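A.B. asks: What follows is the residue order along each chain.
Protein chains: 2
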Amino acid sequence: MIRIGLLGLGTVGTGVVEILEKRQEELKFLTGEEIKIKKILVKDINKKRKIQLEENIITYDYDEILNHEDISIVVELTGDLEQGYRYIKAALESGKNIVTANKAVVSKYLEELSSLAAKKDLAFLYEASVGGGIPILKSLKEELALNKITEVEGILNGTCNYILTEMFNEELDYEEVLEVAQEMGYAEADSTADVKGYDTLRKLRILGTLAFQGEINENDILLEGISEIIPFDIEQIKKKESTIKLIGEVKELEDGFTALVQPTIIKEDSYFANVNNAFNSVVFRGDNVGELNFYGLGAGMLPTANAVLGDVIDIIKGSYRKGNPLGKRKLKNLNTKLKNEYYLRISSPNDSIYKSIENISKELLSKKDNIAIITKEIEYLEIVELLSSLGIDNNNYFIARILK
Amino acid sequence: MIRIGLLGLGTVGTGVVEILEKRQEELKFLTGEEIKIKKILVKDINKKRKIQLEENIITYDYDEILNHEDISIVVELTGDLEQGYRYIKAALESGKNIVTANKAVVSKYLEELSSLAAKKDLAFLYEASVGGGIPILKSLKEELALNKITEVEGILNGTCNYILTEMFNEELDYEEVLEVAQEMGYAEADSTADVKGYDTLRKLRILGTLAFQGEINENDILLEGISEIIPFDIEQIKKKESTIKLIGEVKELEDGFTALVQPTIIKEDSYFANVNNAFNSVVFRGDNVGELNFYGLGAGMLPTANAVLGDVIDIIKGSYRKGNPLGKRKLKNLNTKLKNEYYLRISSPNDSIYKSIENISKELLSKKDNIAIITKEIEYLEIVELLSSLGIDNNNYFIARILK
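Chains V and H supply the protein sequences, listed in that same order.
Residues in the first sequence are numbered consecutively from 1, following full-length UniProt numbering.
Residues in the second sequence are numbered consecutively from 1, following full-length UniProt numbering.
Possibly wrong hints are sitting among the right ones.
Pairs of lysine-lysine residues, derived as DSS-like cross-links and limited to a Cα-Cα distance of at most 30 angstroms, are as follows [to be verified]: (1) V:Lys120 <-> V:Lys148; (2) V:Lys238 <-> H:Lys267; (3) V:Lys36 <-> H:Lys119; (4) H:Lys141 <-> V:Lys36; (5) H:Lys36 <-> V:Lys36; (6) H:Lys36 <-> V:Lys148; (7) V:Lys38 <-> H:Lys43; (8) H:Lys22 <-> H:Lys43; (9) H:Lys119 <-> H:Lys322; (10) H:Lys22 <-> V:Lys322; (11) V:Lys50 <-> V:Lys38; (12) H:Lys28 <-> V:Lys120.
Derived from the structure by calculation, the hints contain no laboratory data.
Predicted, not measured: the structure shown is a model, and the values here were computed from it.
Chain V on its own, in the form it takes in the complex:
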């Protein structure tokens, strides 16, 4: 029998319990083992749960899991950055394998935890942290030894993609859509990490570091979120027969890399334009395989729980690539080489502001109510610095990269 310690019983944790229940027979046939959740760590031991649980399975004392000799796999689903990190580290140090969906922890502590797990000859798997139910990290890891990967890009956050899709298709306000998304369970009560782009950034940091076999940090990535977008922006984008998506992208150049997470305006007939609602998609390019695309549900109870359990089975069957998957290449950040045309909208404009930005403008889209321009080919930071020097608060503008 395989015994699991589960940390957290929120949406994903509940999904894990549910799938283990309904696919019991198939899992036993495949693994030759019964898989049992032995202990579940929760914050509130008296909270009412949607699912029936055995007596004494719930605990608020992590030591009960750490010290339980029969528990060989800890599944960390707390969603909490520093606590999640401490739990994972302690589990590895106690000789237990780790499966986690916690992208914040994986992003911040990827090198340390990968190295610790490898040293201890244990698994540290985090498929669910990127792309939800899409088996992207495993596929990527398995291509690494065979391919030189030169590019990874993706729509990596279901909440942002849902908001942008609805704003575009239903012509709704940002706040209205966000509210509906929260009611439907697509967006969390505190959606800051999603809409400000941090969630996409973390996933890109993980993908990039694996793909390029060298450390790409959160700080290496240019970041612009979608929280300031307004229906006026959507109108301008539609006029250009384009749509807008929050895209994360790392590219290897001859002597380094570029990395960004930015709202990106793309033609309506391009591939990413058809990735809608809560769907995610990741594209990578390798020298042998060429372009490989993966598409599926990037979030949600069952897709995410499915990814978590895929890792669990890989541990039980030994069917994962052992050892530290991270390479030691030293890569130079070449983001200053990134030049693009950008869409820039500034609210409550006055004439002096328009004059101040005129010399980065290639095309004036509007001067009424909002100033909207398409910039010349320019660095993103140049725009941000210019706006800052003009005293324009970041609540009052929206920037999006334009892909031709």
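Starting from the known structure of chain V, arrange chain H on it as the hints suggest.
C.D. replies: For chain H alone, kept in the frame of chain V given last:
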């Protein structure tokens, strides 16, 4: 050191040698082993090769590989059905692991070879046989224990997709495009298996049997190829704001399954409409993951060789799911339940023929030069039988399913 016996040194075999060469370091780092091709079985020992090979590596005697104790993995790339089968069976019986790209063998002997490999505790891996460089079979196998898969569909043949894309975009004749495809190496000199749909059918038989965990045979699949398509057909399809793809599809119903490979007319804005040229795509649906799409190059030297070597590494690292992946469900063929509207074109028509098919017609598209109709919702075999009873040769008609 890991020693490989390679059977066949055509396009894919050459790609295998090339990747092993250029990714030597990375592969050694990952596997901790040197991977060496010890022997290569060829038909013509004196043929000039594009690649430099060590002396004495080439042989025309399979026993040299079978009896070589140090060879632990046989990579079968002959492309020949019955000979390939004999080679694979003999290798497994001699205790050697198998990697093959030979979809004809895998399709015909899937149950026998899976069972033999499992009995011998050896690997029988065939990722390259479906979807070329796209890691679809492994992903599918790994979802099986967790998901109930209810549908698999795909564009599975690069040659057909290239032909249909070019006929549609460049308004060329079938023969012209085929010739170009052959010159460019997309299509083989004998393209029968591709354009008559056999290749797609074999891949679908493999996908369906894995997905549904019960035997779906070549004979279970309704088959119509693309070899009779003419520019006139493309014109009619364009008028309906649609395009055409050769699609393979298996669906599970409540008490059985349906399976078909048919030219399929789809709306221009649908997902498969954007899978063009030599690209393949496979979509499957599971109860946990929802819809998962994979997209990439379905053929070609390096993508296919990459898939072959992915299997080789999995064997070396032990990172594949061991045991027989096939289930024992008994599934009922429900193809007679499949009703669709079809596009039907008959060349060199006469008035009596039109009268004979009038009562299956929902819409008459043309009576000039060719009769073209859209049928009512009808069974595919009903059309074929009607045409046969009218004495219309299968060189003189083209049928395509219409998806709404």
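A.B. asks: Check the structure against each numbered hint from earlier and tell me which ones fail, lowest number first.
C.D. replies: 5 and 7
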